[in-house]
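Protein chains: 2
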Amino acid sequence: MPSVIAVDAMGADKAPKPEIEGALQAARQLGVKVLLVGREEVIRAELDRHPHSGLPIEIVHAREQITMYDKAAQAVRAKRDSSIHVGLRLVREGRAAGFVTAGNTGAAMAAAKMILGVLPGVHRPALAAVFPNAVGTASIMLDVGANVDCTPENLEQFAVMGEIYFRSMFGARRPRVGLLSIGEEETKGNELTRASFQLLKQLSLNFVGNVEGRDLYGGQVDVIVCDGFVGNVALKISEGVVNLVRFVLKESLRATITRQVGYLLSRSAFADFKKRLDYSESGGAPLLGLKGVCIVSHGSSNANAIKNAIRVASEVAKGDINRHIEAGLKAIPKRAVAAVAARE
Amino acid sequence: MPSVIAVDAMGADKAPKPEIEGALQAARQLGVKVLLVGREEVIRAELDRHPHSGLPIEIVHAREQITMYDKAAQAVRAKRDSSIHVGLRLVREGRAAGFVTAGNTGAAMAAAKMILGVLPGVHRPALAAVFPNAVGTASIMLDVGANVDCTPENLEQFAVMGEIYFRSMFGARRPRVGLLSIGEEETKGNELTRASFQLLKQLSLNFVGNVEGRDLYGGQVDVIVCDGFVGNVALKISEGVVNLVRFVLKESLRATITRQVGYLLSRSAFADFKKRLDYSESGGAPLLGLKGVCIVSHGSSNANAIKNAIRVASEVAKGDINRHIEAGLKAIPKRAVAAVAARE
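Chains A and B supply the protein sequences, listed in that same order.
This note's numbering puts the first residue of the first sequence at 1, with every later residue one more than the last.
This note's numbering puts the first residue of the second sequence at 1, with every later residue one more than the last.
These are computed hints drawn from the structure, not numbers from a lab.
Note that the structure is predicted; figures quoted are calculated from it, not measured.
Every residue gets a Cβ at the ideal spot worked out from N, C-alpha and C, and that includes glycine.
All the pointers check out, no bait thrown in.
For lysine-lysine, the following DSS-like pairs were computed, each having C-alpha atoms within a straight-line distance of at most 25 Å:
1. A:K71 - B:K188
2. A:K79 - B:K188
3. A:K201 - B:K71
4. A:K250 - B:K250
5. A:K188 - B:K71
6. A:K188 - B:K79
Label-pair distances were calculated between CB atoms; the ranges are:
7. A:A255 - B:H50: 34 to 42 Å
8. A:G136 - B:I257: 18 to 26 Å
9. A:A78 - B:G183: 14 to 22 Å
10. A:K334 - B:H61: 52 to 60 Å
11. A:R323 - B:I257: 46 to 54 Å
12. B:V118 - A:D320: 53 to 61 Å
Pulled out of the complex, with its shape left as it was, chain A reads as follows (with noise of 0.2 Å):
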């Protein structure tokens, strides 16, 4: 039997196009079968413009919609049957095996928190986002925007989860995780990342002790674990990065014929760098922590990002991650945390 994913149709900014369009891909080279969700005449009047006969796709209508210019908490609780909610709600009522959404973010990670509710022993869930390195395996960090303040016992959790993740989905064996920090010794960062520290090293995961911002894409560390806030600007600067260093060369690149031609011989190196550095194909960062599967993907994601959202959704439903998440979280030393409530 197909794995069913429910499909945020009103999320991204260009939707319902891309969601449309990934849903197609992956119901044709996935063999999943998706649950579109959203304002049905809108789905319906994108849908027909493609050939869709004989494909594992439904419309589930919601009949209200959450914008990027939403509060979150505030549209949460007052939009009730918005496409968020309904197409959590499949997941919670075992219709659909996971939910993707490229809509807003903290909408998305709020509804999921209060319709699919956290995992037993989980404090915070945490949104872990998959990212390219130099060596062309991938990376994740977490968390990276679901809590902006962070204890330390949140911190270890986010470890756990975010190892547990990385060996389902990248076949790692041990993965290395980190902890982002300023400097290596374990005595460098701010309050709370040495005391971070402290817990980190005690559990059985292969904690290779701090990284630092220059290690992020450099491949020498599988899981990052850091607050949402410092997360959050991390991923954001890498995006302001990665803009301007574009910019720098297009500008560049255009000031003389000879380097015109010569950017026209070369055009082909950009566009794999661009496909290296493109986000759509990592599919997305999921919720951790929750009672389901819930992927948040890019508000500019296009089909493509949309399709490899779906298949990794399928794969953490598939794969079991949830079960491995609790019985992992119930594994962490309780010495750590009597150690952490005797300094406070």
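Model the placement of chain B on the given structure of chain A, informed by the hints.
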């Protein structure tokens, strides 16, 4: 009379070569007198490999040296005759108008606080990084590592000091000051940024609100305020992303003959690009809030970076920036401080 700048000749990764070549360039091009501080025989040997007769360069002997491997706090107490100590004492004694070091940043900050002391009213000195942006101007970010755990009042002072520095050094009449956060609304961010927002909006400077990581390099903001942990992570991530981009492009451009030809034709564009992102052009990070001028350069500084740091030290001294900072901090409304006290 030329300004006199003391330069730590033992700091850079490749010391004393970049320091001495940078000093020679500064003495020739900037009309600055340079005191090279460090082990006399080492400096003399390197200096004598270059024509320097008649140039305003002197050697000031310092028998000890703090390395990158020394623990900052410990080394500052133990090695009281290090080149960093001796250089800073030259400033305190009025024999130099400023000090430049590419050595151990932690040690430089600790020694500067101890030897020069802080300006009246300053809670914490802050390290301000200068970096390029897409519109071809510079932006500064502070703090980038002097203070890892900060209060809203610290960030308020960073805003005032950074604004004055930017105004003096880059000639902007009303620099745009932003708070590094996640989300534009004043309710977005963590506890620190939300409380800091309330203080910054009461200041009489051009506060543009929260800015996100992706705006850092866009040129929409001149002075970016954050705590030293976040600022340091931000800088190092930027380095990491630039390295990744270079690596990916280089690898990609090597893949086929056509692309190699393309690369040869467009390589001057790459040279342009490197130059624009080259931190050595900016000349190092000033440590603001001290009774004296201290510029910290990257350990990987080349001669050009050292020359530019000497230029910056001389300009900061001439611009009388410390007097402006003292006055600026006095002008922070007492109302803001009272509001914070009431909140706590």
